[in-house]
Amino acid sequence: MEKNLAHIALFAALIAVLGLVPKIDLISGVPITAQSMGIMLCGTVLGAKRGALAVLLFLALVAVGLPLLSGGRGGLGVFASPSVGFLIGFPVAAFVAGLIVERWTATVGIAAFAGAFIGGIIVLYAFGIPGMAVMLDKSMVEAAALATPFLPGDLIKAGLAALITQGIAQMRPGALLSRPQA
Amino acid sequence: MPDHAHTGIRLIEAGYGVAGHSILSGLSLHLTQPRIGIIGRNGSGKTTLLRLMAGLIAPTTGSVRVGSLDPAHDRREMLSQIGILFQNPDHQILFPTVGEELAFGLRQLGQALPDAKAAVRAALAQEGRSHWYGAPTHTLSHGQRHYLCLLAVVLMGPAIILLDEPFAGLDLPTQMRLARKLAGLAPQIITISHDPATVATCDRVIWLEAGRIRADGTAASVLAAFGTAMRRLGEADADTDIAG
Amino acid sequence: MLTLTSPVETWAHPLPAGAKLLALCGFTVVLFALKTPALLALAAGGVAAIIAVCGRDFAQTSLRLLGPLWFFSTVVGLWHVWLGDIPGGAVVILRMVTAVAAANFVTMTTRLSDMIAVIERLCRPLARVGLQPKTLALAVALVIRFIPVMLQRMAQIRESWRARSHRRPGWRVMLPATLAALDDADRVADALRARGGSG
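Residue numbers (our numbering), protein chains in the order written: chain B, 4 to 185; chain L, 901 to 1144; chain G, 36 to 234.
No wet-lab data here; the hints were simulated from the structure. Don't take every hint at face value.
To give an idea of the chain G side of the interface with chain B (calculated C-beta under 8 Å), a few residues [claimed, not checked]:
| hint | residue |
| --- | --- |
| 1 | Thr38 |
| 2 | Thr63 |
| 3 | Phe107 |
| 4 | Val135 |
| 5 | Ile154 |
| 6 | Gly205 |
| 7 | Thr213 |
| 8 | Leu214 |
| 9 | Ala216 |
| 10 | Asp219 |
We treat Cβ as the ideally placed atom computed from N, Cα and C, and that holds for glycine.
Please construct the entire structure, taking both the sequences and the accompanying hints into account.
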């Protein structure tokens, strides 16, 4: 259906754009790249299937050589680097985040936070940490230790993704494809 | 209406270029009149000039001053000096309710939340729109959203307001209302447009072409020349050159 | 849309994309089977050689693309120095850098259109589940077409923020940006339907 295709393509573009624009402010003074929030938003805004497809489309474009990952990274090289686990986990994270927003009947903000947390952190790290362990010849525990400095930032990003999702629901009721009757 | 000599925007041989490509060059202007229009075709550099005056970008040559301040570097001071209204309200509205949207600028100026809220309520009451305070922004019509963005800018009390194509996409009654509202505002207003009708009532009109000043004078004289040139262009054939 | 493909023609450019990808897969598997620094240094030298042959600009770009590996290289390096296991550290770093450099080499010597053709071929079995190859091509075209549009819009939104705040834009700019993406999607869907659908 055209509507699905359009949403998937445009949100893949949105993820790319979030890697290309200057960083946004976390809380005054601390800049973050918004791209990983874009991944979570694909799930929380578009729902599980469309969200995952949008992220897959984005990754496909990165793989064919477009420098769309934040920092201008791209090409096959990023899939050969230690963070490959996270890349593989991205579409799964979006799927889980979307699933939670679609199925759990809590208010949008809470469901989106749960989705962004469970999808964007738990599931994502479940792919990312083993990936690093394999690529760096380290144990899972050691790889997990390597990943922990990024946890606080990602937690806050999950919170922001929830705020953004909730904000969209407030600013335009019915706009969320993950909550069609809202 | 007072002359704005001391807060007026001054450009001294200002220019702006990106990647070796010059968009604006050799602009020397002292903008003091209460109502100024900047007219030019699309692609003439007028929006870039607006951003330069507002301090959103810094000149690559020459300088821009507002009073004694450099708008590109003294951002905090500039917030209360210059207000900017962009073309598309949907690119400007950040909050779900009118009250929050209007309070944003005041908070950024340093006001505490209760003071900002009170000021917003007072302003809305003065406009006869008290019932807008808690209204969701998505329930506003296009014209009302435009109005909301203008109000948000005016509320910050700037001495100068820059308008980018203020009437674009508005139907006639909305245009008339907006024009009436603008005419009554105290700050200096500088309007950018491609449409002569928008700037016909300005005290001074500057014609920008290919990043340079082609004419600068009264509305009547500049717009007459502009109109003639545009008609001549319109009668000639297509626009076949592709940039870059 | 700028890609990472090198504009300078190299010996590898004319080779078929599928063959290069298969070779890369095979090479990466072999890399992970090598366990000594000496052998990995040999592999690294080999990759360095095929890059060097392509000229100085190409080599410099290849080196630059390895930049993001600094973090892991430093962490692993320090880790292994602290553990007193330098050979182990050398294995990880050499393998990582070589794998990424080889993968980048394929990216830099393969045109975007050829890579997309490979993906389309790989996705052909999905036609049974409903994914037509035309749809994939259309999706890619849409993304590439809309990135500049959305970038410019994001810049406008950020400017609107900077017009009212001296601080760096906060998360709220994502609201108009995401809403605009949703609006664009609706418009694109209409345009697709008007032109006979995406099928």
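Now for the hints, and whether the structure bears them out:
{"no.": "1", "hint": "Thr38", "in the structure": "holds, 5 Å"}
{"no.": "2", "hint": "Thr63", "in the structure": "holds, 7 Å"}
{"no.": "3", "hint": "Phe107", "in the structure": "holds, 5 Å"}
{"no.": "4", "hint": "Val135", "in the structure": "holds, 4 Å"}
{"no.": "5", "hint": "Ile154", "in the structure": "holds, 6 Å"}
{"no.": "6", "hint": "Gly205", "in the structure": "holds, 5 Å"}
{"no.": "7", "hint": "Thr213", "in the structure": "holds, 6 Å"}
{"no.": "8", "hint": "Leu214", "in the structure": "holds, 6 Å"}
{"no.": "9", "hint": "Ala216", "in the structure": "holds, 5 Å"}
{"no.": "10", "hint": "Asp219", "in the structure": "holds, 5 Å"}
Violation of the numbered hints given earlier is absent; every hint is satisfied by the structure.
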